[in-house]
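S.K.: Using the sequences and the hints given, assemble the complete structure.
As given, the protein sequences belong to chains F and U, one line each in that order. Under my numbering, residues 1 to 171 are what the first sequence spells out, in order. Under my numbering, residues 1001 to 1458 are what the second sequence spells out, in order.
Hints in this document: simulated from the structure, not taken from any laboratory. The model shown is predicted, which means the values in this text are computed figures rather than measured ones. Backbone N, C-alpha and C define an ideal beta-carbon position, used for all residues, glycine too. Hints are not guaranteed to be accurate.
From the structure, some residues in chain U lie toward chain F, with a derived Cβ separation under 10 Å [to be verified]:
(1) 1027
(2) 1033
(3) 1123
So the derived label-pair ranges between C-beta atoms look like this [said to hold, decoys possible]:
(4) F/148 to U/1196: 34 to 42 Å
(5) U/1029 to F/26: 41 to 49 Å
(6) F/40 to U/1232: 22 to 30 Å
(7) U/1340 to F/124: 41 to 49 Å
(8) U/1270 to F/28: 30 to 38 Å
The residues making up each chain are set out below.
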Amino acid sequence: MIKFWKKRLQNPISTKNLEFNDELKEIKKELKSVIAKRFAGSLAIRMVSSGSCNACEAECNALSNPYYDLERLGIHFVASPRHADAMLLSGVVSINMYHHVLDAYHQMPQPAHIITLGDCPLLEGTFKQNFAIKGAKSLNLPISHHIQGCPPEPKEIIKGLLEFIKNPKDF
Amino acid sequence: MKDFPRLIARFAVENEDNFEVITVYDHKIQREFLDKNSPVLNSISSIYTTATWFERKMRDDFGIKIAGTYDNRPLIHHERFPAIYPMRKEFQEQEVSFSQYSPYKYETVKGEGVFEVPVGPIHAGIIEPGHFQFSQEGERMLHLEVRHFYTYRAIEKSLEGIKLLDSREIIEKISGNESIAYQSALFNIIIQASSIKYDDKLKKYHCLLLEIERIIHHLTDIGFIPNDAGFGAALSFASQLSEDTRVFLKKISGHRFGFGSIEFETKEYDANMIENFLNTLEEKVKWFENWIMDIPSLWDRFDTTGTLNKKKARKYGVVGVVARASGKKVDSRDNDFYKKYGFILQNESVGDVGSRFKLRIKEIYNSIEMIRNFIDEALHVEQPKSFKDGEYMSFVESSIGELFMFVKLKDGLIERFYARDPSFINWQALYLMMEKDIIADFPLINKSCDLSYAGSDL
Ligand code: SF4
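M.R.: Right, dumping it as structure tokens:
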């Protein structure tokens, strides 16, 4: 344990060297104040993967690493749709996930938002509609915002969330 | 037991006048031909337990009846899946409607006081969908059934009828965290089917990328494993290293996951930059290792948890990290080419969470060493124009384990594509690791194996 604290004292801040740090700082500043205003200090997101290649989830997991540390801005991922303001939907909405996504949506308190993540859900990327790939539009649910990319990088996800927070449709 | 061949894959191909079932073992390939009008296949699941999923998949894909099996339940055809056999050539629908809900019968243990805990398909964390059904006697896990194929995207079908080179865009996205492995497996097939030579410089570049992918995967896991045992600081530290390595991968390949990087040319890269990066990384991993090894309360959780002994590992033919942690020496990199560049097969013996954790750290060091040796000059090779018809197979060691790929070309187009993700085998052995543990250990055990859902579901 001693070793650990020694290291902490020597290298207190880990975000120093990343090249996009300044840009990120700006985004973070902006994000924090909007969340405080619109979502009473915290935005709760339920991530639902509906048939992705798992890279989109990996990038969302990266949002919790100390470089991005999304939680300190008041955005956090929650374990149940019942606690969520928004569903972050990745993947193509596969035939075997279709009804589960609907179930999750109907568990969310209203107003519930859907944010689509990556090129998959809107079938804008490699995966096109087929008998096993339904796409998010087939759910017939309102989609409040879309974050494009394959996968969108953590920085782009943060930016996308900021855009959503500033201007969520059907708000 | 010694000569017991390892089952690698078992899948069907539709020919003009029969269904051909190809079974690939480590030293032989077997072919069976079935009548098209009433296809019946004799099960081998009494000898090979892991044949079960392969056979259930064939049933769902082609409507092949499996005789002599103890498990006739659907695998891909979930509750509302329509009555179709999508891998048959005659099936060409692009849209199908759902059928009536018909419930799935889970494997459960019955008895007084025994209850079931269903988990999934949507999980509490940020993770792919899958279902785990536990039979519990209080805290004690009596049985676990893993039920997947929620991310089934009909990828095998959608690759049929397209050109070999055009398949790259889809194949690299079968399983994102194994993307480079999938691309490499396909590239191997491209080389076999064309007349070009796989230049050593190009091969070294591809192997270099594959080792970076492996390092990222291991780094992510050595953070998440202690995290699931309640030690979050480890995740904070290791997730920085995996982020650094992702940024590094992007510098070299142009993409954070290496999409589109296994090509006929290498990117220009700066050998000094790589050297510096690797030195720093190595130092940080060493520091991390010392730190974690020194925390007895963590090792209380890791040791003896989720054990898969060598005998069972062999019986189930598990691959990759899971196999090597149990003392089985299987690694597709165990060949002269890799050895020339510093590959040393790493293994542990106990097969518990602790073994898998330690193995991952050892493999990171070996991968770093190999990357140093793989550094070479940039190169550009002409892209082949035509491909010979025929059947091709390739093996690549992904960050999870042995990946097997099969492509049959006919008239220059893909007639059949099949890939067996290492996870497809290992998922079937997961329940063996639960037998002596409590349900609270499940996330820890699952994470220590870190299998892919998307790769296994396809
Ligand atoms: S958008 Fe791209 S990265 Fe995200 S799940 Fe789809 S294929 Fe994978």
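S.K.: Each of the hints needs a verdict: does it hold here or not?
M.R.: Consistency of the hints with the structure:
no., hint, in the structure
1, 1027, "violated, 33 Å"
2, 1033, "violated, 28 Å"
3, 1123, "holds, 8 Å"
4, F/148 to U/1196: 34 to 42 Å, "holds, 36 Å"
5, U/1029 to F/26: 41 to 49 Å, "violated, 59 Å"
6, F/40 to U/1232: 22 to 30 Å, "holds, 26 Å"
7, U/1340 to F/124: 41 to 49 Å, "holds, 44 Å"
8, U/1270 to F/28: 30 to 38 Å, "holds, 31 Å"
Hints 1, 2 and 5 from the earlier list are contradicted by this structure; the remaining hints agree with it.
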